[in-house]
Structures are given as structure tokens and as C-alpha cells.
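Participant: Sequence:
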Amino acid sequence: MSEDTDPGTGTGTGAPAGAPPVLITGAGPTGLAAACTLLRHGVPVRVVERRSGPSTTPKALILWSGALEVLDRLGIAAALAERALPLAGASYWSGGRRVAEVGFGSLTGTRFPGPLCVPQPITEELLYERLIQLGGTVEWDTEVKAATSTPDGATAVLRTAHGAGGEETATARWLIAADGTHSTVRTGLGVPFEGSTYGREFLLGDAVLHASGAVPPPEREAQYHLTPRGVLVVVALPKGGHRVFFDQAPGGATEPPDRAELQTLLDARGPGGWRIGDLWWSSRFQVHTKVAAAFRRDAVFLAGDAAHCHSPAGGQGLNTGVQDGYDIGWKLAAVCRGADPALLDSYEAERRPTAVTAVRNADRQTKLWLLRSRPARAVRDTAMRVLSRRGLLERRFVPELAQVDLDLTGSPAVSAADGTDGALRPGRRVPDLPLTLRHTRAGSPGAGAATLHQYLAAGRHTVVVLADTTDSGPDAARRCGTAEVLLIGGTRPGAPAPPTDTPYDRAEAAHGYAAQAVYVRPDGVVGGRAVLGGPGSPAALDALLARLPDRNGDPWP
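Its first residue numbered 32, the sequence shown is counted upward by one per residue in this note's numbering.
Rather than coming from a laboratory, the hints here were simulated on the basis of the structure.
Heads up, the beta-carbon is just placed ideally off N, CA and C, and yes, glycines get one too.
Warning: the hint list may mix true and false statements.
What the hints assert, rightly or not - Below, computed lysine-lysine pairings styled on BS3-like, alpha-carbon distance capped at 27 Å:
id: 1; residue 1: Lys270; residue 2: Lys90
id: 2; residue 1: Lys90; residue 2: Lys398
id: 3; residue 1: Lys398; residue 2: Lys321
id: 4; residue 1: Lys90; residue 2: Lys176
id: 5; residue 1: Lys176; residue 2: Lys321
id: 6; residue 1: Lys321; residue 2: Lys90
What the hints assert, rightly or not - Taking CB as the label site, the calculated pair distances span:
id: 7; residue 1: Arg142; residue 2: Gly271; range: 24 to 32 Å
id: 8; residue 1: Gln317; residue 2: Thr87; range: 19 to 27 Å
id: 9; residue 1: His213; residue 2: Gly479; range: 42 to 50 Å
id: 10; residue 1: Ala242; residue 2: Ala380; range: 47 to 55 Å
Start from the sequences, fold in the hints, and give me the full structure.
Facilitator: Encoded structure:
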């Protein structure tokens, strides 16, 4: 346990006695993901939100594999899937003809091989319910008016509309700013928001779409109709209906578009014969492509839209934000439970490059949508047609959007790679392995898992020992103390079955790796490893175990 912070009371530098050590401003998907992560690791939080309740605005629609794995670790992915529409792919149309297509659902090494279409309020609703289950709450109608930060803690001025209203000065050891694109916290700390705004306005509507033409509206895909006048994007919705999305030159209007305005754009850009019926939500907005110059100022961490904003292309904003929230959540929880505070330096080192890449990819797609000149459009259509036919568009496009296997090899939170067993390289996602559990410790969150990724889906700090039962594997497992340990037995010919009389989960897998202990972070990334069996292996194992927080106990609601 660190000397600064007691996660049970919140006492310590920068926080008054009895106050939670972490204050979160914003209860959208990013803030809720961070709060649930902290609570699940036993660290209390305070969450404030200026809105009066969970959002009812269905802004974001698409959840990709990386974000779905986070939501699975938080315990809501199954409920999301029940209310979502799996998308089979995307198609691109130009001049009234299909020029390219991308199939979804073929990603390997993940339980979520394709994206789900699910309106943002459903994601927020399930995260909020999970927050309540974990003992948390949200202080609605509470707005952040100002924030300051020092290395020892953060201070926020809060104004509440409850009762007679009033202001409060709140202090916390750490503050996660998830207060949106116009973040008061980011602005108050003087962190530049670098980027630009598109010179087009964007309109969207969720409606019933009737069709009598040759091209039917999509049932399980996103359609992109690229015309000289602008883009039309059509996405099927889970409970019926479609979202239609357009760009146009700014016209000075500020109110949401009505059905007539959307129909005019649909007639000009659609395949013909499509008519907008019942319209239940619409919006008119500008699109920014910006990234904060820094994701951390002393005790404050920027996350989600407060740290980056995107074009809607590819649905990257919410996905990147949810992963921001989970990343800073487990890292703050680890520090509150005794890990080296230097771990927090990895938040910006890992998440800002990821956000920059996501923003760049979305911007690249958007600029392809907005091409106007005939030669440029011809080149684009030809390139997409060729890449689509060869499968290259799918092989590159989908993994970028999924954000499921990020390269974190340069992060200060992982040990340097040693050049052996490349599949278990520190800083990369741990590969999946089939498992046959021989003995499961009582209460283990991995009980019944059939694969390594299923075992790790609970999101705990885990040591995976890959070793034959005749060598140093069992001894290494015992040296791990009360850390969550998975011992994978070897498969050399004649190797005995793993014993079933130890307090560790035993498994058998065709791994073919050298005997080693591998530290897997809560996000499924290899944080470090130690080769077993040599004269230096005890010291290497001790160094590996030093990365784990509070191995003497870890509450797990």
C-alpha cells in the first residue's frame, strides 16, 4: 500500500480524510468506464455531472472490439449484445454503383470479431447500472466551474443545482476530466486543444426509411454513398429504422434539421426511391478534429472528448474514450493499492498516440468522403475497388477501427522486449490459448474459462506461468503469493498431468513456449516476463512480481 493513499478512506496527500481519492468530472461513457474500473478494483470514487441524468441523445452508434473487451471486463458486454445489432460490413457507392465493400466479423484472437450497432444511451444506461451495483453514485446537476492541479492533488470548484444550489471547493488526490469537448477542466489548466474544424456542417437523423427503388436500405451494414454534392451514410439501427448522415455547406441554421430538409438531401444523394418516414431524432453540428497537447497535468488526467474529438467516420470517438477511461482507471487503482506512482506516466505515453492515430484515421476517411473534383473521385473509386477485391481494404481498415491490438512496446509501463518468443512480447496483447482447467481456486473469476482470453476477461493483474509440471513451474507459482496465477502445463511427450492439490488454477495448453512467468496487465497486454529455470530466475521473478499492486489482498466485487 502506498504511503500517500488509502483506497478504503481516500485519505492522503491532496484529499481530506474520508473523501474518495479520485474525483471524476463527467458521467458519459468515458467517466462511467473509469469509475466502474476503479470501484471494481476496490477504490472509491466521486463522480459529478452537469446533466440532470443519463443521456437520451443517441449520438454514437458503433462499438468496436477493443471497447467491447473493456465493457466485457466491466461486466456489461453480454447485456449490450442483447440490445445491439451486429454489423456484417460496409459498402461504398459512387455514381450509383457499389465500388467497394468491407466485411466485418473476421477478426481473430478476440471474443468480439466484429462491431455492434448500439445507440449511446444504452451503453450509458448499462454502465450507470453497473456503477450502482458496484456501490457508486453520480451527483447529477453538478457542474465544474474551475479546476487547478499540483503534483500533490487537484482542486475543483463545483456548482450544484440541488436544493438552494451553491458552490463547493472539492479536493482529491487525483482528478479524471471526462467533461467533454468543451472541457472546463482542460481549458482552466491551459492545455491547448490542437487541430481544426471542418468547413462543412453535418446533419443526421434517426428515422424509418421506406424504399421502393432498386437498392434497398441496408439491413446489417453501413452504406456510404459518395457523391459530388456530398456524402450520405446510412446505418441500420437495432430496433428498426436507420440513421442517415449528410454533410453540406454551412447555411446559418442552428436548429435540428426537419424531415423535409433531410429528404431533400436524401433525394439528391441516395439511390432513388427512398423516403423518410417517422423521424424521432435529428441533429445539426460541426465536426472538429483535435487532440489535447497533453493528457496529464500533475494530478489531473484528460480522457474521452476532453482529450480528443473526431469525425464520426468509423465511430472512433466513444470507443477511444471508453478505453481511455479503463486505462486510467486501472492504473490509478493500482497506484492507490501500492504500485509505483511512475505507472501513471504511462497514461499519456500510451493513450495520446492512440488518440492521435484514431483522429488521423477518421480524418482520412472524412476527406475521402468530401472529394469533389472528378479526377480525384475517379482515383479514389479505382483505388477502393482494387483494394476491396484483393481484401487489402478489410485487412487494414478493420483492425485500425477495432483498436484491439495496440502496439505499446515503447510504454514505460512495460519491460523491454528480450527478442525471444515474439508472441509474448511485452507491450503487445497476450495471445489466446485453449485451456483445460484441472483445478480452480475457489472464487476465481476465471472458473470455467475455455481459453486464456476468457480467463483474463475479468480484468485483473495476472501472472501466467507457462512451464512443464516437471520443471520450475509449480515453484514459480508458489512464489507468486496471493497474486492471481494461471499455471499452464507443458505438452512435451510423456509429461505428467498437472497436480490438482495446490491452490492455483492449473491448465494444459499446446503453447510451445520456453518456461516463463508472464505478467498480464488488466487490459490484456503483456507487462513483463521472467524466464524460469536458470540461475537468475528467482531474481527475475521477484522483479516481475514487483509490478503487481498489493499482492496481499484484492477485493473483487
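Participant: The structure should be examined with respect to each hint, and the outcome stated for every one.
Facilitator: Each hint tested on the structure:
Between the alpha carbons of Lys270 and Lys90 the distance comes to roughly 16 Å, so the proposed pair stays at or under 27 Å and holds. A C-alpha spacing of about 21 Å is found between Lys90 and Lys398, which places the hinted pair at or below 27 Å, so the restraint holds. At roughly 15 Å between alpha-carbon atoms, Lys398 and Lys321 fall within 27 Å of each other, so this suggested pair holds. Pair hint Lys90 plus Lys176 holds up; C-alpha atoms about 25 Å apart against a cutoff of 27 Å.
Taking the CA atoms of Lys176 and Lys321, the gap is near 23 Å; set against the 27 Å cutoff, the hint holds. Annotation: proposed proximity of Lys321 to Lys90 holds, straight-line Cα distance about 18 Å (limit 27 Å). With their beta carbons about 27 Å apart, Arg142 and Gly271 fall inside the hinted range of 24 to 32 Å. Taking the beta carbon of each, Gln317 and Thr87 are about 22 Å apart, inside 19 to 27 Å as hinted.
Judged by the Cβ atoms, the range 42 to 50 Å given for His213 and Gly479 holds: they are separated by roughly 46 Å. The hinted range of 47 to 55 Å is satisfied by Ala242 and Ala380, whose Cβ atoms lie roughly 49 Å apart.
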